Amino acid sequence: MAAITLIEAVTQALAYEMKHDKSVVVLGEDVGVNGGVFRATQGLSDKFGEWRVFDTPLDETTIAGVTVGLAAQGMKPVCEAQFEGFIYPMMEQICCHAARMRNRTRGRLTCPAVFRAPWGGGIHAPEHHSEANEHLFTNVPGLRVVLPSSPARAYGLLLAAIRDPDPVVFYEPKRIYRQYKEEVPDDGEALPLDMCFVLRDGTDITLVTWGAEVKETLEAADALAKEGISAEVIDVATLTPLDFDTIAESVQKTGRCVIVQEAPKTAGFGAEIAARVAEECIFDLLAPVARVSGWDIHTPLYRLEMKQLPNTARIVDAAKRTLAAG
Amino acid sequence: MPIAAKFEIEYLQYLDAEGKQVRKDLPEFAQDIDQMVELYKLMVSTRVFDTKSIALQRTGKLGTYASCLGHEATHVGIGASMKPEDVFAPSYREYGAQLYRGVRPRDVYMYWGGDERGNDYQNEPAKHDFAWSVPIGTQCLHAAGSALAFKIRKEKRVAVCTIGDGGSSKADFYGAINVAGARDLPLVAAIVNNQWAISVPRKIQSGAKTLAQKGIAAGLFCIQVDGNDIIAVKKAMGDAVERARAGKGGSVVECVTYRLGDHTTADDARRYRGKDEVEDAWTKDPVKRLRTWLEAKKAWNKKKEEKLQAECDEWMDNEVNTYLETKAQPVTAMFDYTFAELPADLMKQRDEAIALEQGSH
Chain A
478 MAAITLIEAV
488 TQALAYEMKH
498 DKSVVVLGED
508 VGVNGGVFRA
518 TQGLSDKFGE
528 WRVFDTPLDE
538 TTIAGVTVGL
548 AAQGMKPVCE
558 AQFEGFIYPM
568 MEQICCHAAR
578 MRNRTRGRLT
588 CPAVFRAPWG
598 GGIHAPEHHS
608 EANEHLFTNV
618 PGLRVVLPSS
628 PARAYGLLLA
638 AIRDPDPVVF
648 YEPKRIYRQY
658 KEEVPDDGEA
668 LPLDMCFVLR
678 DGTDITLVTW
688 GAEVKETLEA
698 ADALAKEGIS
708 AEVIDVATLT
718 PLDFDTIAES
728 VQKTGRCVIV
738 QEAPKTAGFG
748 AEIAARVAEE
758 CIFDLLAPVA
768 RVSGWDIHTP
778 LYRLEMKQLP
788 NTARIVDAAK
798 RTLAAG
Chain B
3 MPIAAKFEIE
13 YLQYLDAEGK
23 QVRKDLPEFA
33 QDIDQMVELY
43 KLMVSTRVFD
53 TKSIALQRTG
63 KLGTYASCLG
73 HEATHVGIGA
83 SMKPEDVFAP
93 SYREYGAQLY
103 RGVRPRDVYM
113 YWGGDERGND
123 YQNEPAKHDF
133 AWSVPIGTQC
143 LHAAGSALAF
153 KIRKEKRVAV
163 CTIGDGGSSK
173 ADFYGAINVA
183 GARDLPLVAA
193 IVNNQWAISV
203 PRKIQSGAKT
213 LAQKGIAAGL
223 FCIQVDGNDI
233 IAVKKAMGDA
243 VERARAGKGG
253 SVVECVTYRL
263 GDHTTADDAR
273 RYRGKDEVED
283 AWTKDPVKRL
293 RTWLEAKKAW
303 NKKKEEKLQA
313 ECDEWMDNEV
323 NTYLETKAQP
333 VTAMFDYTFA
343 ELPADLMKQR
353 DEAIALEQGS
363 H
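Here the protein sequences line up with chains A and B, keeping their order.
Per our numbering: the first sequence = residues 478 to 803.
Per our numbering: the second sequence = residues 3 to 363.
For the record, the hints were derived by calculation from the structure and aren't laboratory data.
Among these hints, one or two may not hold up.
Straight-line C-alpha distance at most 30 Å; calculated DSSO-like pairs for lysine-lysine [stated by the list, open to error]:
1) B/Lys205 / A/Lys524
2) B/Lys305 / A/Lys496
3) A/Lys784 / B/Lys306
4) B/Lys350 / A/Lys742
5) B/Lys350 / A/Lys797
Reference excerpt, derived from the structure (chain A facing chain B, CB under 10 Å, subset only) [to be verified]:
6) Asp507
7) Gly509
8) Val510
9) Thr539
10) Val543
11) Phe563
12) His605
13) His606
14) Asp663
15) Glu666
16) Lys742
17) Lys784
This one's a predicted model, so the numbers in the text were calculated from it and none came from an experiment.
Don't be surprised by glycine CBs; every beta carbon is placed ideally from N, CA and C.
Kindly produce the complete structure, drawing on both the sequences and the hints.
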């Protein structure tokens with residue numbers, strides 16, 4: 478078994494499920510012969526043909542709306558927005574149709590679709606190619622939002638997303654698409670869609686994060702460990718519906734919580750976690766909850782882009798301030 | 003049988019692939035050989051600029067860049083058909099049109115080099131044009147809105163947008179031409195059909211025989227031109243712009259050309275298209291075509307070509323150096339254009355970011 482990158486794990490999951498379930502189809506711009514601009518669909522067109530790996534006209538509204546139609550008629554579409562910054566025309570179809578199809582037809586019709594998109598900044602990309610906008614979808618009822626941060630979790634969670642009977646926005650942190658490799662057995666084993674992943678056990682402070690910031694957060698935990706501080710790191714890979722129990726259990730143990738998100742601060746998904754901690758764990762807290770996030774600004778073009786993404790030093794600093802507070 | 007509607011789409015070409023004149027009725031501007039030489043010079047300048055841009059990207063001095071190789075006649079022709087007071091809403095590749103309107107290579111480099119100041123065009127008339135629009139097709143509606151503003155204010159101005167063959171599939175494009183037709187807005191939508199939307203070929207982009215005819219459904223004038231023949235582009239675009247200015251309706255002009263380069267420097271077109279096709283497209287090169295015609299008219303020669311190349315090199319050296327010498331913006335620039343006045347809450351974040359820069363946090 479060869480070690481693979483996160484993006485190769487995406488391809489592996491798509492290929493596995495297309496092979497085992499004839500109703501799975503892939504559609505989007507450049508997903509066919511070109512194999513996707515990041516190569517997520519590399520080789521799938523050769524394996525499964527142009528009708529199951531379907532190059533669409535250049536229109537995100539078309540892609541999302543056709544996906545809804547496919548899903549409502551018994552197919553399992555996995556469509557792609559080429560970048561998260563181009564997903565906005567899809568929002569009407571996702572919010573008004575995909576997410577509420579089951580509810581508005583009292584279950585007569587459903588939308589078992591996956592809306593994939595590369596997500597986030599940090600790759601020196603042009604304008605509109607570097608957004609962290611998951612919070613726009615986490616407030617939509619009836620929709621799952623998934624954001625894996627390792628090859629194994631990308632594989633297992635994408636399989637789960639495709640098999641799930643409801644629509645899923647599946648964001649892939651492009652900054653770590655090829656960051657490292659790990660062995661991911663192609664065994665078709667899905668991961669649960671409603672469970673946070675505890676990546677590191679700790680007793681002094683809980684660091685909660687998701688997406689590409691998992692790397693910086695783990696590095697921060699390493700740095701804190703050198704100073705004798707034991708940090709627990711939680712990857713909220715399935716943002717909604719949220720598995721708050723895992724977070725609550727950790728915060729009850731450590732009494733301290735720092736949330737790390739790439740997106741702008743205000744009304745980001747970290748705000749939801751902070752509110753839940755306040756609602757359910759406030760008497761366990763020894764210090765106020767802290768957030769480390771992007772600033773409330775548009776992702777700068779790449780010369781200043783890294784100043785928007787929380788780095789390890791900022792996370793360490795926030796953790797220490799939290800510990801100093803109580 | 004009663005017919006509810008009928009249409010046909012004219013195809014316009016003056017110079018064939020070999021640079022031979024195929025029509026006798028040259029438009030007036032094309033009979034002014036000095037003007038044609040000026041257009042040729044800008045086409046060559048555009049190509050020199052494009053070549054330099056690719057070199058900068060390949061040596062790590064520029065981010066992702068979208069080449070305009072092969073589009074010179076279409077782009078320059080579009081720019082040259084507009085008046086200064088008109089408004090241009092480009093996508094992200096139409097440098098030939100923009101250079102005509104005062105955008106500088108250094109502006110292009112700043113933008114693709116990761117610096118927002120590239121969008122802050124300094125020269126008129128580009129200064130009142132829209133900035134590059136990367137989200138495909140969205141600029142068509144901005145042009146329609148501009149055209150509506152001109153109509154409301156009774157200004158004799160025209161809004162021109164450019165869109166690719168792929169972009170003409172987007173809802174934004176259809177919405178723009180629809181409202182323009184419904185309200186007789188002075189809008190000209192130029193479809194730059196370069197045959198490829200990244201890896202997706204024209205034939206599976208649309209079942210329509212021409213992309214120009216999409217405008218028929220919207221009630222607009224429609225024409226298809228050889229986009230590698232600048233005389234045809236400027237004639238059709240010029241007529242469309244002046245018709246719109248006169249209040250006689252908007253147009254869709256499809257310029258049929260070919261993307262000789264990759265979609266952007268992040269793309270490798272060899273993955274999805276054959277060598278033969280590209281080699282064939284090179285035989286229709288718009289720059290060589292005009293040069294052949296000008297040479298036949300004794301208006302151009304090797305000596306002039308050498309002089310022009312030297313001038314272009316000097317111009318580009320100056321632009322590139324200016325770009326490379328420009329320092330990154332301070333961290334405060336990330337905040338300062340978010341609102342007209344920075345809200346207090348954001349001011350706190352700005353202070354925090356400054357403190358982080360100074361390492362005093």
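*Among all the numbered hints in the text so far, which are the ones the structure does not match?*
2, 3, 10, 14 and 15
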